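Chemist: Chains Y and S, in that order, give the protein sequences. According to this note's numbering, the residues represented by the first sequence are 1 to 205, in order. According to this note's numbering, the residues represented by the second sequence are 206 to 410, in order.
Calculated directly from the structure, the hints in this document are not laboratory data. The structure displayed is predicted, hence computed values, not measured ones. Where hints are given, some of them may not hold.
Claimed, not checked - Derived DEER-like restraints, expressed as beta-carbon distance ranges:
#1 154/Y x 226/S: 28 to 34 angstroms
#2 329/S x 138/Y: 16 to 22 angstroms
#3 249/S x 195/Y: 28 to 34 angstroms
#4 104/Y x 400/S: 39 to 45 angstroms
#5 350/S x 45/Y: 31 to 37 angstroms
#6 329/S x 44/Y: 38 to 44 angstroms
#7 162/Y x 373/S: 51 to 57 angstroms
To be verified - Derived contacts from chain Y toward chain S, CB cut-off under 7 angstroms, selection only:
#8 25
#9 42
#10 46
#11 76
#12 79
#13 80
#14 102
#15 139
#16 142
#17 143
#18 175
#19 176
#20 183
#21 195
#22 197
We put the beta carbon where it would ideally sit given N, CA and C, even for glycine.
There are 2 protein chains.
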Amino acid sequence: MRRFVVIGTRATASPDFLLIDLPGTSGRLDVLLRCVRAAFLVSHGLRRDTVVYLVLLGGPAAPRSLRIDGASVRFLRPDERSLAVLAQKALAAPCEGDGFVTVKPGVAVAAGGLEAVLDDVGPGASYVLDEGGADLRETPVELADPVFFIGDHLGFGEENRRRIDARPAVAISVGPMSLHADDVVTLVSNELDRRTLGVAARSTR
Amino acid sequence: MRRFVVIGTRATASPDFLLIDLPGTSGRLDVLLRCVRAAFLVSHGLRRDTVVYLVLLGGPAAPRSLRIDGASVRFLRPDERSLAVLAQKALAAPCEGDGFVTVKPGVAVAAGGLEAVLDDVGPGASYVLDEGGADLRETPVELADPVFFIGDHLGFGEENRRRIDARPAVAISVGPMSLHADDVVTLVSNELDRRTLGVAARSTR
Numbered sequence: 001m002r003r004f005v006v007i008g009t010r011a012t013a014s015p016d017f018l019l020i021d022l023p024g025t026s027g028r029l030d031v032l033l034r035c036v037r038a039a040f041l042v043s044h045g046l047r048r049d050t051v052v053y054l055v056l057l058g059g060p061a062a063p064r065s066l067r068i069d070g071a072s073v074r075f076l077r078p079d080e081r082s083l084a085v086l087a088q089k090a091l092a093a094p095c096e097g098d099g100f101v102t103v104k105p106g107v108a109v110a111a112g113g114l115e116a117v118l119d120d121v122g123p124g125a126s127y128v129l130d131e132g133g134a135d136l137r138e139t140p141v142e143l144a145d146p147v148f149f150i151g152d153h154l155g156f157g158e159e160n161r162r163r164i165d166a167r168p169a170v171a172i173s174v175g176p177m178s179l180h181a182d183d184v185v186t187l188v189s190n191e192l193d194r195r196t197l198g199v200a201a202r203s204t205r
Numbered sequence: 206m207r208r209f210v211v212i213g214t215r216a217t218a219s220p221d222f223l224l225i226d227l228p229g230t231s232g233r234l235d236v237l238l239r240c241v242r243a244a245f246l247v248s249h250g251l252r253r254d255t256v257v258y259l260v261l262l263g264g265p266a267a268p269r270s271l272r273i274d275g276a277s278v279r280f281l282r283p284d285e286r287s288l289a290v291l292a293q294k295a296l297a298a299p300c301e302g303d304g305f306v307t308v309k310p311g312v313a314v315a316a317g318g319l320e321a322v323l324d325d326v327g328p329g330a331s332y333v334l335d336e337g338g339a340d341l342r343e344t345p346v347e348l349a350d351p352v353f354f355i356g357d358h359l360g361f362g363e364e365n366r367r368r369i370d371a372r373p374a375v376a377i378s379v380g381p382m383s384l385h386a387d388d389v390v391t392l393v394s395n396e397l398d399r400r401t402l403g404v405a406a407r408s409t410r
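Modelling step: build the complete structure from the supplied sequences, incorporating the hints.
Modeler: Printed below as a string of structure tokens:
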């Protein structure tokens with residue numbers, strides 16, 4: 001199972017953002033929602049072996065975290081507005097107590113930030129996306145249950161980065177340009193696809 | 206200069222789609238708009254060396270094509286709604302005569318489909334994304350002015366594929382999974398970044 005943990009430094013943990021101005025009213029939740037599309041949706045299908053955590057650290061309801069599990073999520077659509085509606089409904093649900101509470105199939109919310117996510121993820125080979133990290137293509141990756149930590153346009157925040165490094169996590173990079181978080185998810189997913197499925201399968205058709 | 210040509214088999218060439226239901230009212234123009242984000246927007250910047258053509262073959266105003274030129278486009282935002290507004294305004298402009306007509310800085314429209322785009326692109330090393338193609342990572346690419354042809358979720362259409370193959374174009378694939386068009390753009394861009402900029406630059410910081 002692949003796990004992606006995306007940190008939204010200012011992404012709102014409240015449902016009171018506007019669908020007609022997502023970037024301007026949600027603390028750039030749009031950046032994180034695009035990661036959901038990139039992680040799950042492939043041509044005519046959905047990656048069932050993937051789990052995405054969005055760590056929402058912005059707004060008065062923060063910190064909260066969203067978990068989307070490909071194994072059980074239903075009706076996941078690729079367009080940003082549909083994903084925003086899904087997040088809005090999930091964040092409108094009551095959220096108390098410890099750990100993740102399922103609000104609809106495959107979608108759960110926790111009252112907590114990275115620490116709640118780390119408790120839920122448990123141990124596992126960890127990788128942190130870092131522009132100074134080793135090239136992913138040249139880095140061995142544990143293919144069974146890897147966890148990838150990705151910052152948003154503002155990074156991770158010092159305390160969160162310290163927690164990630166303490167797991168420990170291997171610092172990796174995906175290329176010479178600094179990219180949007182969703183492109184990073186796409187590139188990591190492609191590298192994992194290549195390692196698990198091989199590249200020859202389709203080119204010999 | 207990198208050129209991406211994305212075919213929207215049913216993507217609307219009219220501005221009369223609804224921003225609140227882009228996938229349902231635009232013939233999946235959303236798929237093509239996400240390609241625009243993937244092609245141009247990087248962290249805190251825009252790829253000025255890239256041109257994207259969207260070939261819109263759906264609806265009563267079809268065929269029309271949109272051209273977005275990174276060298277001169279302004280205020281390009283990553284969220285889908287902003288990109289849809291840009292397309293809607295461009296498609297509302299009058300569009301007659303031959304070739305592309307600039308409707309705002311860096312954005313032009315032509316009354317024509319792939320044939321209008323091919324006239325504008327001119328000669329150049331061409332590559333067509335094809336699940337049966339050779340692995341991009343193992344394929345030599347002309348780095349000066351390559352053109353990449355990408356189909357949407359329905360492919361290219363027989364006649365358009367014939368035209369592309371006739372340039373001729375090298376069939377390439379990006380991995381073992383069949384992916385959304387925007388993920389393909391991300392993967393091609395990353396490979397070109399690696400070949401033009403190298404991968405060591407950041408990992409030695």
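Chemist: Now look at each hint and say whether the structure bears it out.
Modeler: Hints, one by one, checked against the model:
no. : hint                              : in the structure
1   : 154/Y x 226/S: 28 to 34 angstroms : holds, 32 angstroms
2   : 329/S x 138/Y: 16 to 22 angstroms : violated, 32 angstroms
3   : 249/S x 195/Y: 28 to 34 angstroms : holds, 30 angstroms
4   : 104/Y x 400/S: 39 to 45 angstroms : holds, 44 angstroms
5   : 350/S x 45/Y: 31 to 37 angstroms  : holds, 34 angstroms
6   : 329/S x 44/Y: 38 to 44 angstroms  : violated, 31 angstroms
7   : 162/Y x 373/S: 51 to 57 angstroms : holds, 54 angstroms
8   : 25                                : violated, 11 angstroms
9   : 42                                : holds, 5 angstroms
10  : 46                                : violated, 12 angstroms
11  : 76                                : violated, 13 angstroms
12  : 79                                : holds, 5 angstroms
13  : 80                                : holds, 4 angstroms
14  : 102                               : violated, 26 angstroms
15  : 139                               : violated, 10 angstroms
16  : 142                               : violated, 19 angstroms
17  : 143                               : violated, 14 angstroms
18  : 175                               : holds, 5 angstroms
19  : 176                               : holds, 4 angstroms
20  : 183                               : holds, 5 angstroms
21  : 195                               : violated, 10 angstroms
22  : 197                               : holds, 4 angstroms
The structure shown violates the earlier hints numbered 2, 6, 8, 10, 11, 14, 15, 16, 17 and 21.
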